[in-house]
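Visitor: Produce the entire structure from the sequences given, and follow the hints as far as they go.
As a plain string of letters, each chain reads:
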Amino acid sequence: GQSLEQPSEVTAVEGAIVQINCTYQTSGFYGLSWYQQHDGGAPTFLSYNALDGLEETGRFSSFLSRSDSYGYLLLQELQMKDSASYFCAVRDPDSNYQLIWGAGTKLIIKP
Amino acid sequence: NAGVTQTPKFQVLKTGQSMTLQCAQDMNHNSMYWYRQDPGMGLRLIYYSASEGTTDKGEVPNGYNVSRLNKREFSLRLESAAPSQTSVYFCASSEISRTEAFFGQGTRLTVV
Numbered sequence: 085g086q087s088l089e090q091p092s093e094v095t096a097v098e099g100a101i102v103q104i105n106c107t108y109q110t111s112g113f114y115g116l117s118w119y120q121q122h123d124g125g126a127p128t129f130l131s132y133n134a135l136d137g138l139e140e141t142g143r144f145s146s147f148l149s150r151s152d153s154y155g156y157l158l159l160q161e162l163q164m165k166d167s168a169s170y171f172c173a174v175r176d177p178d179s180n181y182q183l184i185w186g187a188g189t190k191l192i193i194k195p
Numbered sequence: 003n004a005g006v007t008q009t010p011k012f013q014v015l016k017t018g019q020s021m022t023l024q025c026a027q028d029m030n031h032n033s034m035y036w037y038r039q040d041p042g043m044g045l046r047l048i049y050y051s052a053s054e055g056t057t058d059k060g061e062v063p064n065g066y067n068v069s070r071l072n073k074r075e076f077s078l079r080l081e082s083a084a085p086s087q088t089s090v091y092f093c094a095s096s097e098i099s100r101t102e103a104f105f106g107q108g109t110r111l112t113v114v
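Protein chains in written order, with the numbering used here: chain Y, 85 to 195; chain B, 3 to 114.
It is worth saying that the hints were derived from the structure and are not from the lab. We treat Cβ as the ideally placed atom computed from N, Cα and C, and that holds for glycine. Heads up, some of the hints might be wrong.
Which stretches of chain B does chain Y cover? Using the computed rule of at least three CB atoms under 8 angstroms from a CB of chain Y, they are [to be verified]:
1) 64-73
2) 106-112
Straight-line alpha carbon distances no greater than 16 angstroms define the calculated EDC-like cross-link-like pairs of lysine to aspartate or glutamate that follow [to be verified]:
3) Y:190 x Y:89
4) Y:165 x Y:89
5) B:59 x Y:178
6) B:16 x B:81
7) Y:190 x Y:166
8) B:73 x B:97
9) Y:194 x Y:166
10) Y:190 x B:40
11) B:59 x Y:176
Guide: Structure below.
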């Protein structure tokens, strides 16, 4: 089956840089995505990597290594508003391409 | 640009009552999903519909039924609500070939 693993919680300081890792196991790979969810809100799309390398979108970057089945989300210049849960997700070709989600990483930012 | 619209936003049910959660998307997406999220946990797939006319069970389908009414609408029905179904329910949609999914604002359901 398909599975993703990510840390349950990460703590960082405002203004710093933090990396949230995700490892996955899939029978076929169709890209790795990242979502952000604030408490009480809905998940919102952040980034998508289909090829190896780094994708940058403002303060957020996402990296993928297909050979290592590994990716990470990098958040720079952390702000208090970045306090949220972050989920990685892949598509499962064995189940009609339904989305498979990691359990989420809660990012705690301290002033 | 509405995106994904879910109704209702909040609901309190008594054990044994039934209800239907409605979801509609205006992005012409083929795939639609229903998830539940319990406090401090990730998303668990209840049912999904890869395209109009098809539905499939996800990870936690027991106690739920779905209907893909047309390409836009995907409803979730609880026939006999139980306290274990207290959760936040999210509807989402996406294209089959892409991973980017768009979510509704969620339905906070409490079963007493």
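Visitor: Enumerate the violated hints, using their earlier numbering and listing them in ascending order.
Guide: 1, 4
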